[in-house]
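*Asks:* Spelled out from the first residue to the last, the chains are:
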Amino acid sequence: MNGILNWILWLPIIGMVGVILTPKAKENVIRLVTLVTTSITLLLSILLYLKFDTSTAEMQFVVKFPWIEQFHINYFLGIDGITMLMTFLNALLFFICTLSSWTIHKNVKAYFALLLMLQSTVFGVFFSLDFFLFYVYWEVMLLPMFFLIGIWGGENREYAAIKFFLYTFFGSIFMLVGIIALYYATGKGVDSFNILAHQGGKFVNETVTIFGHQFSFEHIFFWFMFLGFAIKVPVFPFHTWLPHAHVQAPTAVSVILAGVLLKMGTYGFLRIAFPIFPKAAVDSSTIIAILGLISVIYGAFCAMAQDDVKKLVAYSSVSHMGFVMLGLSAMTTQGVNGAVLQMFNHGTSTAMMFLLIGILYERSHHRWIVKPDGSKGYGGLSTKLPKYTTVFIIGMFASLGLPGLSGFISEALIFLGIYQKFTTITIIAVVGLLIGAAYLLWMFKRMFFGEVNPETEDYEDMNAREVFYMLPLCICVIVFGIFPSPLLNVMKASVGHLVELMAKF
Amino acid sequence: MIQQLFGFLGYYIPEIICVVLMTTLLVAESAVKDENANRGKIIGYALAVLSICLIFLFQNLGEAPLHIFHKAVTIDPFSTLIKIIMVLGTMGAILLSYSSKDIYSNLKSEFCIMAVGVLIGGMLLASANNMLTLYLGIETLSILSYVMSSFKRDEATSTEAGMKYALYGGLSAGVALYGISHLYGILGSIQFAEMASKLPGLEGANLAIVMVAFILFFVGIGYKISLFPFHMWTPDVYQGSPIPVTAFFSIVPKLAGLASLVRISMIFFSQSSVLTISWVGLMIVISAMTMSVGNITAIGQNSVKRLLAFSSIGHVGLMILGVVVLNDVGIRAILFYGIAYMFMTLIAFYITSQLSDMYGSDSHEVFKGLIYKHPLMAIIMAGVLFSLAGMPPFSGFVAKFNIFSVIIEKKLYGIAIVAAINSVISLYYYVKLAKTMIFNEADGESKVTGFTPANQAVIVALFIPVLMLGIFWEKIMILSGNATIFIN
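Heads up: the sequence lines are chains A and F, in that order. Quick note on numbering: the first sequence equals residues 1 to 505 in the working numbering. Quick note on numbering: the second sequence equals residues 1 to 488 in the working numbering.
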């Protein structure tokens, strides 16, 4: 069983090689190779879930080889409860995205090769327990993403791709400085690049001098790391790359971006920034909570103002990821449980929204709720597209946090977790939920109710393929809304360990 | 005595081979009857001899370090490794010149002669152990460079480049010589080690004069590796010179100058003194300015040749940071950077040169839609650009990682932040070029036929180290780590 992480990590790369070796003209073979690869990965991740021991916070399925011995850099993989969920989410979403990308006809070979490469690098980020390896995956992930947005994106794709790339690179270069500083702070020893070995507040008493001023080591490098991760989440005020990237990216890439890539940011907080710099994290928890709150409210208001339905969902992601940051800020058991659950639930519900918008876009070739000339983009879709409307309702209500669907539980847990520490912030954040309901329902009303727009007359309802790939997400959203314990059990031990660690500071 | 002389000469075989090569090339060129005949054989001969030179260099790498010619020249692993990189860079540039239309066919073997001459100067500079040898190295290197930059004889810009280069070069060499003579006046020797031993005893006016003299001397080297504020000549010279020459200039003379800068810093300033602090301070400021000026100026360049030239200024600025720490780890970082940089730069110029031959221009436009015209070359070029920007999994990342790591070890966080921001700036212009190649649709013909299989093979062969050194870099790190400087 120990090699299973290796398999999950490298299988997409094997698939990628398979895609590259397939002749360009055989597009269906390329799609099938990708589909087979992603389905095996999905099956392996389910197997991983079944074999996963929920009683311990220790890293499981650990793989460790020396890579660069001189620097004590290891090829070091392992997962705990938090990454278990992310692994499953990643495997599931790539499987679904492969199916949804069936309609891509431009450079099919390159597209699927890059998609598989992206999947591997995302797994790499979640599995890496060695800082150097983590950083390499974190950066390499930008390359397929850059090309996927830039080649298959919409009209303004170049700007969006470059902005995405530069923004993330800017954050991660500061993270690199932090990683190297940690390497020297631990004395270049055997564990200097081991993420786990740094955890637990080992640098509380260290100081650094920058431009002649003395600072606490923890605080400086916490903020360096914060920059790297906050840009990825994205937390206000670093969110400006997100709407561009989402609107321009092709559907599948939007799904991946919102579904898993944003989670890499919050995962970075959970695994790296908080446990390694606990004191700084606790000291700045109010700032983090306020930034999270601004993301919630600001993202929601921005979403309300959008006429482009994809941009609306993109801003709603900012808002929902703000909830995750809120949940993390208080460092209570419920809060962190809620945050991790929200990471998963946001992954499924936003993926649904983006996929649904993609399905509609394939029929209408625009995404305007209200066109720039003031006329309605859609209208009365509910009468024409019953299946589509049903799925849309499920996705939308999951997204706005209707009780009984998945979003509700995670948001409720987050509020429970932070209420005692940040009462005012909680109360304001609940308003964010209300605004969320408002913009989603308003969008729904404008698109699905009212008079049937003549332009939408000839739209076809969802076909079998589309129904098939929406189904797993619908199941996730409904089942985990009523019965979240399969998810909560998996992460319980790991979250408990983290909260315990943070409680000492 | 003769025995001893021969024994010493054994270490000097690579240089001797190069001198012999240069002279035989001169003879061979004069024997060519037809002006426009193909110089393939001559080039092949030069490459073969340079490969033999490489073998001897690798042999020297394992030897214990020593001074030869009455301590005028040092043969140590550091200089030998730098020489290996320079020889490889020269071979690459010669290959490039052979396939490039920028070098007229009747000048191909002349390019070879000049390049080997510059290489000899560079080798001399890299192992110089006294001021005279160092000056000799700089001059040998420079005088031939002036000729090389004006190789496009019927173009005014090329002539202008040569002229500018010569004027600036002559001036800065003069200033450096002025500084050297003051150093000799105060310290009473031209041997590095003897000069260094007298430094700690200095005080008062003598110390002040030595400080100024060092700065004057620094102008000479700073000019060669185009450090801020002595980089003014670079844009025009790089613009005017043919592309293979520009590629050559961004590798060999820079590494040679860098090598001598490293040696001087290590010998004179590795013990702490008042001078050390000011030298390190100077280096940090110069490095920050060089990086920023190089990278910021590169943003606006439409000519890819110019862009690469400016980015090379940025890279040298980053490499200088390895000097700042004044220890073996810093040298290791510089050497690794040098190796990675050599391969990346060669490929970037190689592809630019090929495209420029096909379209008669080296602006961003000729790169438009390269992915559709020639996917392999576009992917390699993109890889090299990302590597130059310091993205994993390419060697440029490891090189950058090492530089960052040496400065952070010394807790120089301020300059680390400056370097980090510079790295983002550089990513911007590299990504812009990558974007042009890959996102933009091609206009004009749909396929590029200009890349001959031989050229493609060379480019792919050069790309292998760029990728491999980004993943399995331990061997080369150990090699660079062993290449220490021999002081006494």
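These aren't lab readings, by the way, just hints derived from the structure by calculation. Note that the structure is predicted; figures quoted are calculated from it, not measured. Among the hints, erroneous ones may be present.
Straight-line Cα separation of at most 25 Å, SDA-like style, residue types lysine to any residue; simulated pairs [unchecked claim]:
| id | chain 1 | residue 1 | chain 2 | residue 2 |
| --- | --- | --- | --- | --- |
| 1 | A | Lys188 | F | Lys368 |
| 2 | A | Lys311 | A | Glu362 |
| 3 | A | Lys279 | F | Lys411 |
| 4 | F | Lys432 | F | Ile277 |
| 5 | A | Lys163 | F | Ile379 |
| 6 | F | Lys411 | A | Glu500 |
| 7 | F | Lys164 | F | Leu177 |
| 8 | A | Lys421 | A | Glu500 |
| 9 | F | Lys368 | A | Leu166 |
| 10 | A | Lys24 | F | Leu177 |
*Asks:* Does each hint fit the structure? Answer for all of them.
*Replies:* Against the structure, the hints:
Our distance criterion of 25 Å between C-alpha atoms is broken by Lys188/A and Lys368/F, whose separation comes to about 46 Å. Our distance criterion of 25 Å between C-alpha atoms is met by Lys311/A and Glu362/A, whose separation comes to about 17 Å. Between Lys279/A and Lys411/F, the direct Cα distance comes to roughly 22 Å. Compliance with the 25 Å bound is thereby established for this hinted pair. Between Lys432/F and Ile277/F the alpha-carbon distance is near 39 Å, which puts this suggested pair outside the 25 Å criterion.
For the hint linking Lys163/A to Ile379/F, the alpha-carbon distance of about 21 Å falls within 25 Å, and the restraint holds. With a C-alpha separation of about 32 Å, the suggested pairing of Lys411/F with Glu500/A is violated against the 25 Å cut-off. Taking the CA atoms of Lys164/F and Leu177/F, the gap is near 20 Å; set against the 25 Å cutoff, the hint holds. Proposed proximity of Lys421/A and Glu500/A is supported: the alpha carbons are some 17 Å apart, at most 25 Å.
Between the alpha carbons of Lys368/F and Leu166/A the distance comes to roughly 21 Å, so the proposed pair stays at or under 25 Å and holds. Proximity of Lys24/A to Leu177/F is assessed by CA-CA distance (about 63 Å); at most 25 Å being required, the pair is judged violated.
Hints 1, 4, 6 and 10 from the list above are not met by this structure, while the remaining hints are.
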